[in-house]
Structures are given as structure tokens and as C-alpha cells.
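> For reference, the chains in residue letters:
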Amino acid sequence: MKLVTGNDLVSGDVIWWTGSGWSRFIADAVEAGPDGEATGAREEAARRVNGPYVVEAADGPLGPVPLHIKERIRASGPTVRLDLGVQAEKQGIA
Amino acid sequence: MYKYDEYDQAMVDARVEEFRDQCNRRLSGEMTEDQFKPLRLMNGLYLQLHAYMLRVAVPYGTLDSRQMHMLAHIARKYDRGYGHFTTRQNLQYNWIKLDDAADILAELATVEMHAIQTSGNCIRNISADQYAGAAADEVADPRPYAELLRQWSTFHPEFLMLPRKFKIAVIGADEDRAAMKLHDIGLKLLKNAAGELGFEVYVGGGQGRTPMVAPLIRDFLPADELVSYLEACLRVYNRYGRRDNLYKARIKILVHEIGADEYRRQVEEEFLHVKTLALDPPAAELERIAAMFALPPLDPTAPAEIDRSDPDFALWLDQQVVDHKVPGHAIVTISLKPTGGIPGDASADQIDVMAKLAREFSHDELRVTHAQNIVLPHVRKADLYAIWTRLEESGLATPNLDLITDIIACPGLDYCALANARSIPLAQKITERFANLDRQRDLGEVKLKISGCINACGHHHAGHIGILGVDRKGEENYQLSFGGSGAEDASVGKIIGPGFSEDGIVDAVEKALETYRGIRIEGERFLDTYRRVGSDPFKAAIYEKASV
Numbered sequence: 022m023k024l025v026t027g028n029d030l031v032s033g034d035v036i037w038w039t040g041s042g043w044s045r046f047i048a049d050a051v052e053a054g055p056d057g058e059a060t061g062a063r064e065e066a067a068r069r070v071n072g073p074y075v076v077e078a079a080d081g082p083l084g085p086v087p088l089h090i091k092e093r094i095r096a097s098g099p100t101v102r103l104d105l106g107v108q109a110e111k112q113g114i115a
Numbered sequence: 005m006y007k008y009d010e011y012d013q014a015m016v017d018a019r020v021e022e023f024r025d026q027c028n029r030r031l032s033g034e035m036t037e038d039q040f041k042p043l044r045l046m047n048g049l050y051l052q053l054h055a056y057m058l059r060v061a062v063p064y065g066t067l068d069s070r071q072m073h074m075l076a077h078i079a080r081k082y083d084r085g086y087g088h089f090t091t092r093q094n095l096q097y098n099w100i101k102l103d104d105a106a107d108i109l110a111e112l113a114t115v116e117m118h119a120i121q122t123s124g125n126c127i128r129n130i131s132a133d134q135y136a137g138a139a140a141d142e143v144a145d146p147r148p149y150a151e152l153l154r155q156w157s158t159f160h161p162e163f164l165m166l167p168r169k170f171k172i173a174v175i176g177a178d179e180d181r182a183a184m185k186l187h188d189i190g191l192k193l194l195k196n197a198a199g200e201l202g203f204e205v206y207v208g209g210g211q212g213r214t215p216m217v218a219p220l221i222r223d224f225l226p227a228d229e230l231v232s233y234l235e236a237c238l239r240v241y242n243r244y245g246r247r248d249n250l251y252k253a254r255i256k257i258l259v260h261e262i263g264a265d266e267y268r269r270q271v272e273e274e275f276l277h278v279k280t281l282a283l284d285p286p287a288a289e290l291e292r293i294a295a296m297f298a299l300p301p302l303d304p305t306a307p308a309e310i311d312r313s314d315p316d317f318a319l320w321l322d323q324q325v326v327d328h329k330v331p332g333h334a335i336v337t338i339s340l341k342p343t344g345g346i347p348g349d350a351s352a353d354q355i356d357v358m359a360k361l362a363r364e365f366s367h368d369e370l371r372v373t374h375a376q377n378i379v380l381p382h383v384r385k386a387d388l389y390a391i392w393t394r395l396e397e398s399g400l401a402t403p404n405l406d407l408i409t410d411i412i413a414c415p416g417l418d419y420c421a422l423a424n425a426r427s428i429p430l431a432q433k434i435t436e437r438f439a440n441l442d443r444q445r446d447l448g449e450v451k452l453k454i455s456g457c458i459n460a461c462g463h464h465h466a467g468h469i470g471i472l473g474v475d476r477k478g479e480e481n482y483q484l485s486f487g488g489s490g491a492e493d494a495s496v497g498k499i500i501g502p503g504f505s506e507d508g509i510v511d512a513v514e515k516a517l518e519t520y521r522g523i524r525i526e527g528e529r530f531l532d533t534y535r536r537v538g539s540d541p542f543k544a545a546i547y548e549k550a551s552v
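Protein sequences appear in the order of chains D and Z. Reminder that position 54 of the first sequence reads as 75 in the numbering used here, one-by-one numbering, no gaps. Reminder that position 419 of the second sequence reads as 423 in the numbering used here, one-by-one numbering, no gaps.
Hints were generated in silico from the structure; no laboratory data involved. Computed from a predicted structure; not experimentally measured. Do not take every clue at face value.
As the list claims (entries may be wrong) - If you anchor each label on the Cβ, the simulated ranges turn out as follows:
(1) Z:K543 - D:D80: 39 to 49 Å
(2) Z:N440 - D:M22: 43 to 53 Å
(3) Z:E479 - D:G42: 25 to 35 Å
Cβ atoms here follow ideal geometry from the backbone N, Cα and C, with glycine treated the same way.
Pulled out of the complex, with its shape left as it was, chain D reads as follows (with noise of 0.2 Å):
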């Protein structure tokens, strides 16, 4: 599959595309279809996200994973740093 993501234009937070806007969380994430990046430039002209691009996926049984580390690592946070990012989110963490 195909997502959309980006950076969050003030906060630099990572997010992905849903459907209808943008969440930082990838399990929001939905597939974007042939029009991504059209999507993209869109959203990006109306300054709802900064450098959109399309990444591939899988589904995984938590929602979608990209298939690239870099990707993966976008996704959570470091890996260095449980801590930080929305991996500390999910756990109660930050």
C-alpha cells in the first residue's frame, strides 16, 4: 500500500495522511491510492503539511508498516530513545 506522510509545518512532528487530514500517529495512516502525491502537494499549498511524500507499506495487524527502516524509525521515534517520540506516547511514556 501507499502513504502519505510528511512533516507538520510548525512542530516538525511527523504525520501521515488519513483520509481527511493528518495524524501523528501511522495507525491513522490510510492508503493513498494513485493520487498521493497529488494529495500531498495539495495539502502541502495549503500549508498543512511540509514535504510531502509517498511511501509503500504493508498492513500489519496494528495497522500499516512502512517497508523501509527509515520509515519505521519516522514512524516511532528513535530506537536509541524509547522515551521520545510517539513510541513514548503509545506507552505512557512523554
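For chain D, the structure is supplied; the task is to place chain Z on it using the hints.
Leaving out everything else, chain Z in the frame of chain D:
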């Protein structure tokens, strides 16, 4: 330490307000990201993997306790309570918000700090020997010249858009503690037969995709002609450096392609012209700058004896402390490399502790080293035990300087948008594998450096043992190289063979070091043994049953 004059402060304050306006225009939509990106980079603001990253300049690695406390304050107020000291003697914050960026720069400006020259194709923050002004082997303090070059290069209208970034290092001793020959320009202070002060000038070194040790371009440049000569060096590069190919744009490619002799000829020709422009400052100005780097009042009759009865203290003393040029005093290196830790990271509390120690015991001075440690340059030997006790309480007393666990590592794929592989987890695993201090000391000096991509921010080319992370079909893979050095015997490491998985690389490092133990001659470092015997014994041990 250098203190801003009214012009310095006015320039930095004006820059903050200019950037505030640029940020506001970006946030309001007046500017696109393409328009904003070069502006934010000129102020040290990157967009990295998880958030904006701000790189704060620490000119020639020197700062005082007030500045260090400010770094801690910013970590707490605007970031996640820590900072990362880098291989360019700077500090990076990893979790910055765009609408805080100008406020952070404004706070930095109150303590004479900024983020200028930490990004972009300009002359970057100039680095120097971390023992400058304190080292017993020093001909002269390189920092007044580094400061002079800072003033010359900051906002230099000709050199704001060079073909590529440009890095300069200055040292004042035979021992190269700043990897000088691996810079675009490396400068070494020395005296000629007549006792006059000058520089050896090396041009065209660098790491990255095409690592090169800089050739000697001038064997003696009178110190008072430094600005003119560097102006000539940069002009030749600016004119002929390649702008058509990002990977061939550094000055090392130009010097390599036309040859050192031809580059030298062109520089000398330009130098004759530049000298007529009278760019070099009057002697009084250099003296004014140098006076701010005067040695603090140190008592040469201070007691030199140290009570070594505490064995843990004695271990730390042997590893982290060297003699100062003034009797009764010492230079302390604080390791930011605890076992299992993240090289170069320090919490806000630890940064505050180091600032307080500097104020109490080191005449209010600290240095950041290119190896991602912190130095207290001017301490009384009589105070060493008190310093160690405070460091120990704060998790800052790891006694591993220049040992296998004193690893340089870039942020890698855990933080960096350019990286192909993670660096930090390798450093953590290696420090855990070699946690036994007796074993580390038996192995002696081993400089292990890890980069998460070919840009080589982790200086892997200069590692006695270098590790480069690459992307192999979406998986992290690690290349191992031996024989690099960033010291006065500078050399570029050579890849030993096929790459390894994350666990395989740790095993390979261990096998290499065990091989070294088996074949070393007394007094040889790992690097010396490798240079003597070559790669064959190491290859045989590593690849015999390696988990490639």
C-alpha cells in the same frame, strides 16, 4: 575568551530579528518551503527525521559557564532535556519547533551565541585544538587566529555561496587533536628558524564520499598574512570549484584534479593581488583579540602531588587527565561516552554540572572536542578529586578517553534524514561488549568511529577502526575499515571486505582486536600493528566464520 564588541552583538541581534521575520513569513504562508529552506539553514535550522533540528555554533569549541548554562536552559525549555555535542564542536537539539526557533536564537544572543555558519555552502564554524592555550606542547594558542578567521568569514559576501560547504581547523601543536589535515583548510602554527610565527597551510582534505588527506600548500605563511592568504585560497576555489556536480564540489576535488602544485601556483598568483587590498588587520587588532585569550592567572607553585589512594579516582586520573603547561595544573577531559550511552549526548542537568565545574575549578572555561567530549582546560591538580567526585555523581566520570569505548558516532538513522543506517546502537553494543575497563586498557588507544552514511559525519574514514552504515536493499549493512587516523599521522582507512549485519559488525570488531592482541609488538597500538602487518591477519580472523 573572546567577548563580543558592540558590532558583534549588533550583528547577531539583527540576525535574530531577520530570522524571526522569515519564520513568521513562512508560518503565514508568504514563503514556500523552497524559499524558506536556504534561509533557515543559514540559521542552523534543519528539518530532520522527527522534527526540526537546531545546530548551535560553538566557535573553535570554546565556551564559558554562562553559555553552557544557556545550552542547558534551552534543552529544558524548548527541547527534550538534552543536547548532542557534535564532531564540529557544536551542539544540536533534535526536537525544536519552528515557532520557537527565533526565541531560542534570541536567548542564545544574550550570551554571545548563535547558529550562524552551522549549515550551508559557506565557511563553517572554525574548529581548533581543544587543549588550545593549555597544552604543554603548543607553539602558540590557535584560538586568536580562529577568532580572526571567524570575523573574516562571517557574512563574507564573496563566500556565502561557495560551490560547497567549507571547513577550517587551526592547531598550535605538533600533536594534531583536531583532525586538521582532514579539513578543507588545515592550519598549523609553527615558528621558523628565525623564531617568527607562521602557519603550515594544508588545503584539500576532507572526508565524505571522497576522503582525502590535505596536501601541504604553504610550508610557512607569516601569521600576519593569514587573512590575505586564505582569501586567495577561497577565491581560487570559488572561481574554479565545480558547481555542476554536488559530489565533486568540495575543494579537495579541485586540488586533486588540477594538482597541488597548480593549485598552489594559482593561489600564490592571487595572493600577490590580494595583498594589495590590505585585508590583514593591523597588529593592534590581532593583539586586541589575542588579549582576550590570555592565560588565566594560574599559580605555578600550586601543589603537583595528587592523592591516588582511591582506586577509581586513580583510574580516571590516568585516563582523563593530562598535564597543563603551567605546573600544578591539569587539563581534564569529561567523557560523554558511558557504557551503553549515546556518544555526545548530555542531559540538561549534566550540562549544568559541567558548567558549574568550569566556573568553580576551570577559570570559567570549557571546550567541546571533535571527539564529542568536554574539556575543563585550566584546573588545579589539587582540585581533581573534588571534580571527579562531582562527575561521578552525575554519570560523567567514565574513564575511557581514546579507548575502544570512546566512540565517535553521528546521530545516524535514529535522527538524521540523510542517514542510511543507524550508528548509535552500534556504539552502544560495542561499549557494552567492551565494558570491562581492564580489557579496554589492555587494548590501548583504539579510535573507533561510526558514520550512518557516506557523508561521514562520524569520521569513519579517520577511525583506526571505521564503520560505515549503508542501505543494502532496505536493510542496514555495515562496512568495516581499518587504518584511518585523524591525528598528525593522518590517513584514510581501507575497507576490509564484505559488510556485516548489526550483530556481525560487533563480532568482527572483537575478532579484529583479539587478532591485534595476538600479534602486537610491545608498545604498538592497534593502528601501528595494522600498518605493520596489513589487513591479511585481520581478514582471516574476521571472515573465517563471520556472520556476514
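> May I ask which of the numbered hints given earlier this structure violates, with the numbers listed in increasing order?
Result: no hint breaks.
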